[in-house]
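Please work from the sequences and hints to get the whole structure.
Residue numbers (the numbering used here), protein chains in the order written: chain A, 1 to 727; chain B, 1 to 122; chain C, 1 to 158.
Please note that the accuracy of each hint is not assured.
[To be verified] Calculated pairs, DSSO-like style, for lysine-lysine (alpha carbon to alpha carbon, straight line, at most 30 Å): (1) K2/B to K64/B; (2) K371/A to K57/C; (3) K411/A to K400/A; (4) K563/A to K411/A; (5) K498/A to K411/A; (6) K28/C to K675/A; (7) K675/A to K57/C; (8) K2/B to K46/B; (9) K64/B to K26/A; (10) K498/A to K244/A; (11) K377/A to K57/C.
Bear in mind the hints are in silico, worked out from the structure with no lab data behind them.
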Amino acid sequence: MTPLTLDDAAALLVQLEPTDQEDIAKLREALADLALDVQVPLAAQPLVARAARLLGELADHRTDDREATLAAANVALDDAVTAVEAAERRAAARRDGGEARASSAAATTTAPIVVPEMPSPVAPAASSSTPAPAATVVDGSVDTVPDDSDLDLLRDFIIESVECVANSEAALLTLEASPDDAEAVNTVFRAFHTVKGTSAFLGLHRMAGFAHEAESLLSRVRDREIAYTSGCAELSLRSVDMLKAMLADIDRALAGDRRLVVPVGYSALIAALASYDPSHDASLAASPHSVATTSTAAESGDDTARRAAPAAATAGATTGTTGDSTVRVRTDRLDRLIDLIGELVIAESMIAGDPLVSGSAGGVHHDLARKVTHAGKITRELQELAMSMRMVPLRTMFSKLTRLVRDVAIKAGKQVEFVTDGEDTEIDRNMVDILGDPLVHMVRNAIDHGLEAPDQREAAGKARQGQVRLSAYHAGGNVVVELRDDGNGLDRDRIIRKAIEKGLIESDKGMSDSEIFALIFAPGFSTADTVTDLSGRGVGMDVVRRNIESIRGRIDIASAPGKGTTFTIRLPLTLAVTDGMLVRVGTERFIVPTVNIHMSFRPEPSMLSTVVGRGEVVMLRGEVMPMVRLHRLFGVADAVEHPTDGLLMIVGDGEQRRTVLLVDELLGQQQVVAKSLGEWLGTVRGISGGAILGDGRVGLILDVGDVVALGQSGASVPLPAGIALAA
Amino acid sequence: MKFLVVDDSATMRRIVVNALQRIGFNEFVEAGDGQEALGKYDESVKFVITDWNMPNMSGTEFTKALRERPDGRDVPVLMVTARSVREDILTAMEAGVNNYVVKPFTPQVLKEKIDALLPAAA
Amino acid sequence: MSTATATRGGKFLTFFLAGEEYGLEILKVSEIIGMQPITRVPRTPSHIRGVINLRGKVIPIMELRARFGMPRDGAEDTCIIVVQVGAVQTGVVVDKVSEVVSIGDAEIEDAPTFGDGIHTEYLLGIGKTNGRVKLLLDIDRVLSGDEVAAAAAAASTA
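If you want it as structure tokens, here you go:
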């Protein structure tokens, strides 16, 4: 082909007609090369590039007004020639009439270009950025971390990439709700892109290869070549998982033998990415988005997406430059700090309660009292601050669940809109993990068993898409996490049948709905007729309840036939402090966690009776509840014998029916720092731990669930014969 | 000679800076996106190396904005990219990018690109 | 007891309980505190008196008399010796703390295989200094978790 100069190109272009397809294409190639020619002055470069691009539009038929486009290309090229001449004049002036530099003079005249030739005018390394087909890689085979790699750089890379991947995961979930969100697509694209670019430098060719395929898929979405369909979503999420696995593997390898293992499924996934064809999404084509996710924090879906994506993008963009700076602290130190502050609060209240300060000793020490009050304020502020250090938002857990919903919905063939609300609600860090498993199980259940299949829903006059709503909020000093589905509701009759079958109850006589629903928390109880892949994981609702109780929480169920089911989990704000009611039983004091208390009252004689086989019971507004005399259970002397002289406290822990505890009196509400009684004592039945009370003595915290269980197992509470309490 | 290195990936910035150090350059300013880069750019910067795809403001947008500034008209801008699709490159060049280098590059390739742009800027 | 013979000598904190003088290896003693209100823990074996607040920590208190099967009559309960075995602190209620003495190996005899009133399995040996007899406690064994756990289990299934 002919070598071409800028002048030649300009001259050629003027002669072209919009219909000269072939020549336009040739000239465009030539100009593209010319644009990159180092001998074209910088000032002219953009103009040459513009001309080349405009010709490209003509060549590829991407313009409607061919005349105008061609004219614009001419203008650009003319401007380029002018710019070159101007640059030359400046250069000549600078050279001060001296020796002409060949390179500069050559710019307009002799830059030899062969037309056309590309495809990649530069970058000898370019070929390795799209590594050899990874399908040849055997899953599970071993590679090593490149020897000469800068370890620090690798570690930075891992940290950064993990963050990138997390951001892209968030963006992918945004896309579930609004598949047209360009910013979200770009965020994901960028994550893969960044990982690809960096890993290639670090010699992590397998990762680079993988990221390349993932990036390509997303770039097809970005360029609107394909839509973000469910198949595409599936692949993207799997890619995110794959990258996570590979990153974790590098991290592990760095610490150990430097051997990288190809994750299982690598080849299959890379092949699936490379050959992805949306038209093969057949099975899912009917419902391109089987899962929609919404956050009610933003009313319109659009807002949600926009809100989520840039946030994710920014987070990824500025490693270490934005956001609150943080310090990692060992949790045992933090726990000890919180413990000590708890003690400080108690010590402070002991000082405040001292007769010398409170004035009850007769003397007036206003000044001292004022100082003590001041110290008290600071102490309480300190305590609040310390508590807040352990609090983390539920956001991470919620987004994990969002992901889960998606997977489960697809497997179960359900259409689900997953709405989350209040993900900024904070809970004690130590509770997050324990709450996680129950929620996972409950969310699975809600989709698997709670929601009906789309056809079934339609037949029942409901939308085909079911809704699962997960909300969190603060209420009355508790954190409430609510999971609500609009499915079919719990099948009361089936629960009764099953419970009788399993020997849990003899009949449902006298049982309220909530008591019946609570049966699903009984060990081994499962309403699923078939154990599916989704729910058959060996954990039942009994484990759910146990986990929640282990963090002093409570779970309640409400359900209406055809309308859906709501699980309400109530948790203390923090595990460090227990909100308790201090009660007196004889000469002893106990702390009853407030979360377990429904109400307390002084009974009328008419409320009390003894039922054969059930012992003492209390009847309140039609509800018959067994009574546990704490003094008998714990062998306390000098306690109130007759319930009408004491107080009854209704407690319940979710599973067991509500029970009343007989105590002498309530001494008041108190926040206490719960402590273990120590391994030496081991587990003490009915007692969950101890706490230092305001007077410096240890008070025992009741394990209400166990107390109720003890009270109901006849052996533990030997009821004296003829206890019938006559009015 | 002072370089402005713009990339949203800190790792990538380090890689570029390492490469520049290996070929004998020692003065760097770094920025995490185009917006920040515009803030950090001044006449003391003699060469710009920017990533393409960045949040907030892409490399192309950044270059365009840079070229509109009197002090940014003539500084060489080298774009680092992972893909060499012609249309994209042309779009970038139209915005004022002078050349590009494809990831992963060796310090040698980077040196060639820089050397090629330097006399033109003189 | 024979296994302990070689290393029995050392410093001992001695105290009185029901008229007898006992010795506790000083290395196992973390502190001595005055008597304080003990919170009874229900449904635990009788030799567990309860728990106290030791500067913010809840520690269990053992009743040695009950452990040794002695009646509580005449107990003076003036102080608590806090012993540390491993990471676990436990308080032991005694009538009166006496002194710290060095007792050499030569001054320690094996406990008789049968004693009157005290289970000899809880003894390292019998020390004789200044003409007085001191029952040297094998505190690890006295506090032995197995037995406590077993007793607790027995109590809870009773």
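How the hints compare with the structure:
1. K2/B to K64/B: 20 Å, holds
2. K371/A to K57/C: 28 Å, holds
3. K411/A to K400/A: Holds - the C-alpha atoms of K400/A and K411/A are around 17 Å apart, at most 30 Å.
4. K563/A to K411/A: Since the Cα atoms of K563/A and K411/A sit roughly 23 Å apart, the hinted pair holds (cutoff 30 Å).
5. K498/A to K411/A: Given pair K498/A, K411/A holds - Cα atoms ~27 Å apart, limit 30 Å.
6. K28/C to K675/A: 24 Å, holds
7. K675/A to K57/C: 8 Å, holds
8. K2/B to K46/B: It holds: about 5 Å lies between the C-alpha atoms, which stays within 30 Å.
9. K64/B to K26/A: 28 Å, holds
10. K498/A to K244/A: 43 Å, violated
11. K377/A to K57/C: 24 Å, holds
Hint 10 from the list above is the single one not met by this structure.
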